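*Asks:* Residue numbers (my numbering), protein chains in the order written: chain P, 1 to 342; chain U, 1 to 371.
For the record, the hints were derived by calculation from the structure and aren't laboratory data. Predicted model, so just to flag it, every value in this text is computed and none were measured. Glycine is no exception: its CB is placed at the ideal position from the N, C-alpha and C atoms. Hints may be right or wrong, so weigh each one.
What the hints assert, rightly or not - Derived list of chain U stretches under chain P, where covered just means 3 residues or more per stretch with a C-beta under 8 Å from a C-beta of chain P:
1. 117-129
2. 320-329
Said to hold, decoys possible - Calculated pairs, SDA-like style, for lysine to any residue (alpha carbon to alpha carbon, straight line, at most 25 Å):
3. U/Lys277 / U/Glu147
4. P/Lys57 / U/Glu140
5. P/Lys57 / U/Tyr134
6. P/Lys159 / U/Asn15
7. P/Lys322 / U/Asn15
8. P/Lys322 / P/Thr143
9. U/Lys298 / U/Glu92
10. U/Lys205 / P/Arg65
11. P/Lys322 / U/Ala202
12. P/Lys57 / U/Phe136
13. U/Lys290 / U/Met67
14. U/Lys205 / P/Val241
15. P/Lys159 / U/Pro96
16. P/Lys89 / P/Ala111
17. P/Lys159 / U/Gln10
18. U/Lys181 / P/Asp130
19. P/Lys159 / U/Pro18
20. U/Lys205 / P/Met317
21. U/Lys292 / U/Pro96
22. P/Lys159 / U/Val350
23. P/Lys159 / U/Phe47
24. P/Lys159 / U/Pro21
Unchecked claim - With beta-carbon atoms standing in for the labels, derived distance ranges:
25. P/Val340 / U/Glu198: 34 to 40 Å
26. P/Pro212 / U/Val30: 46 to 52 Å
27. P/Met87 / U/Pro184: 48 to 54 Å
28. P/Pro212 / U/Glu198: 18 to 24 Å
29. P/Phe303 / U/Arg37: 29 to 35 Å
Residue-level listing of the chains:
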Amino acid sequence: MIIHPVLSWLNEWWQGVVATYGLPSCFVPAAQMVVHAILIGGFIAVLVLFLIWLTRKVSAHIQQRFGPMRVGWHGSVQTVADALKLMQKEDTTPRSCDRPVFNIAPFLAFAPTIVAFVVIPFGDGAIIRDLNIGVLFLFAITTINVIGVISGGWASGSKYSLLGGFRSAAQLVSYEVPLVLSALGVIMLAGSMKMGAIVDAQSRIWFVAYQPLAFVIYIIAATAEVNRTPFDIPEAEQEIVAGFNVEYSGMKFAMFFLAEFANMFLIAAIAATLFLGGWRGPWLPGEFWFLAKSFAIVLLLMFFRWTYPRLRVDQLMSFAWKFLLPLAFLNLIITGLILVLI
Amino acid sequence: MATDTAIHTQEFQVNMGPQHPSTHGVFRMVLTMDGERVVDCEPHVGFLHRSMEKMAENRLYIQFLPMADRIDYLSSLFCSVAHCQAVEQLMEIEVPPRAKYLRTMFMELNRIASHCIFFGVFALDLGAVTPFLYGFRERELTMDLLEMTTGQRITFNYPRFGGVAADLPDSFFAVAEKFLKVFPGRITDYERILNENEIFLARTKGVGVVDGARAINYGWSGPNLRASGVNFDLRQNMPYEAYGELGYEAVVLSNGDCYDRYLVRILEMRASHALIKKCLEGLPDGPIVKEKVSKFPKVPAGEVYARVESPRGDYGLYLVSDGTNKPYRYKLRTPSFNNLSMIREMLPGVYLADVVPIFGSLDVILPDVDR
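Just chain P, with the same shape it has in the complex (with noise of 0.2 Å):
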């Protein structure tokens, strides 16, 4: 409602412009992705920005603190600050690394965060590419991410980092598999994988009235995908000092960071699509909505976050393979069954 019309308009006067003075046709699509992309990227620097201010604040208050407080109106500018003075880091590389995987590595962590944001409908239309296979795409570029953590963890020649990088690969492959399940049930009830027409699916009851278990299950795989406490043992502190990112500094430790906040907020808005009835609301616009949504879940990470302690390695995985696994199965089946009778 708000998103749409600007970008119709913009492309609109784009379209005058290359026809008035006659230029090649491609430049139509291409204008398109460059704003596409600046958005994005815009978006998602803000978002971060934000985020981890709504992090410290939100655990300063659980634990009784303020929080940052003095740059700005209660510390609203001090991720600002972080930013700069991490821009202004030497970059050091330990020497026993494998110098040009550790230097792409915090890359190949951080760009499928950003290509993910490409599906997720933020408003009445407003989504980049509406692909008919949205949810599939997500959950596969999603994935990738796990490659930067292990080869991030691998190469930077320490013990600690490659803890971390193998327990990383551990998890997300073993809480992937619940994660897609849970979004199946989904799937079946909107009968595409189009993220638009599950939200369309949607007008009427959000899908999580139908598929109660799947969201619980979706919201606790999802919280290990991004390594959120309890299941974040790939950069435990208290064991592995800091796991995969131990080795890295400066703007490379930075886009680690970025990475797991945005990844949170796409989880977040993953679930607010696929369950929350996406950016669907009464009289406010679809954003304001979606945001909103994104945002609850977003809070309820957080409260987890700062509640509860870390599993162990061991009871992370049967956790996922004997409770988790077979539960979103039998989601799977009661929904088929029920589907198949009416």
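With chain P's structure known, arrange chain U on it following the hints.
*Replies:* Same frame as chain P, now just chain U:
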């Protein structure tokens, strides 16, 4: 015939400490790992050795009094009380009752402060950040009370030969009243955060189990020993200061795992709270220090063993005097050292993630180990 193409697993060594977020100071473990499992552990202590015993032997008794606080900085009052007790026993000084009560009360406050830190740090070791700050919040209350009387927040330098340094200020009672009222609710908060938390139980129950016989063999004492089902608490079995009059019943649990070691300390905080209440109610009038005791005493020749129940266990001090104003031999038996001694036997076979809670549940403090 084995071929070289067979897949091997290779053990590797991880050096945990002396700089590591969860070795509680400067403790170093060289862990031999098989994947995520610990095969062997080689502990290294001594990074914080300050030769406390030798320093004591080169100083006047009163000069070592403030230094004794530094032996175990989280329960500093116990170290200096033990120092005073040893001197008093050799000089045959009877401490006035009010001083005894004051010592007892502040030792219990100090115990609560120490256990609060344990609670916070143990939860932090398991990855829960919030309890850490809760623990420090309540510690602050006890620190305030101690600061009002002793003027210090960590190393109090409060006891003197034959009594204590300062009486309670008038404003103390109102603040103490408030603390006594608030604190039980805060412990309930602690219990609500962790005691029934499914993840916390999964991480601590049945982890690092030590039975009573083994605990005694290794010279364990304090909450660790009582968590293994051994009913031994100096406050109950060999009362000193005002504990005899107040009466104390030790908190004993039976499983000997990390969870029980945690729970004993939570229950002891409640018991300490009750003791402080009793102390304040039954606080006798009278002098706070025995008259005519020299500040620079010449201690009669002889030997004595003074022991107190510190938050970490049985803190013992073996003092030999040759009749001069300096100790001839000052031997410390610190509980942390003995409690830590089993770590090499406890760790093999557990996951790397369990190393931290097992080590944390012993509640050792490195200056107390290394002295």
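*Asks:* Would you mind marking each hint as holding or not holding in the structure?
*Replies:* Checked hints:
| no. | hint | in the structure |
| --- | --- | --- |
| 1 | 117-129 | holds (count 7) |
| 2 | 320-329 | violated (count 0) |
| 3 | U/Lys277 / U/Glu147 | holds, 19 Å |
| 4 | P/Lys57 / U/Glu140 | holds, 22 Å |
| 5 | P/Lys57 / U/Tyr134 | holds, 17 Å |
| 6 | P/Lys159 / U/Asn15 | holds, 9 Å |
| 7 | P/Lys322 / U/Asn15 | violated, 34 Å |
| 8 | P/Lys322 / P/Thr143 | holds, 22 Å |
| 9 | U/Lys298 / U/Glu92 | holds, 12 Å |
| 10 | U/Lys205 / P/Arg65 | violated, 31 Å |
| 11 | P/Lys322 / U/Ala202 | holds, 16 Å |
| 12 | P/Lys57 / U/Phe136 | holds, 19 Å |
| 13 | U/Lys290 / U/Met67 | holds, 22 Å |
| 14 | U/Lys205 / P/Val241 | holds, 24 Å |
| 15 | P/Lys159 / U/Pro96 | violated, 59 Å |
| 16 | P/Lys89 / P/Ala111 | holds, 22 Å |
| 17 | P/Lys159 / U/Gln10 | holds, 13 Å |
| 18 | U/Lys181 / P/Asp130 | violated, 61 Å |
| 19 | P/Lys159 / U/Pro18 | holds, 16 Å |
| 20 | U/Lys205 / P/Met317 | holds, 18 Å |
| 21 | U/Lys292 / U/Pro96 | holds, 13 Å |
| 22 | P/Lys159 / U/Val350 | holds, 18 Å |
| 23 | P/Lys159 / U/Phe47 | holds, 23 Å |
| 24 | P/Lys159 / U/Pro21 | holds, 16 Å |
| 25 | P/Val340 / U/Glu198: 34 to 40 Å | holds, 36 Å |
| 26 | P/Pro212 / U/Val30: 46 to 52 Å | holds, 50 Å |
| 27 | P/Met87 / U/Pro184: 48 to 54 Å | holds, 50 Å |
| 28 | P/Pro212 / U/Glu198: 18 to 24 Å | holds, 20 Å |
| 29 | P/Phe303 / U/Arg37: 29 to 35 Å | holds, 33 Å |
In terms of the numbered hints stated before, the structure departs from hints 2, 7, 10, 15, 18, listed from lowest to highest.
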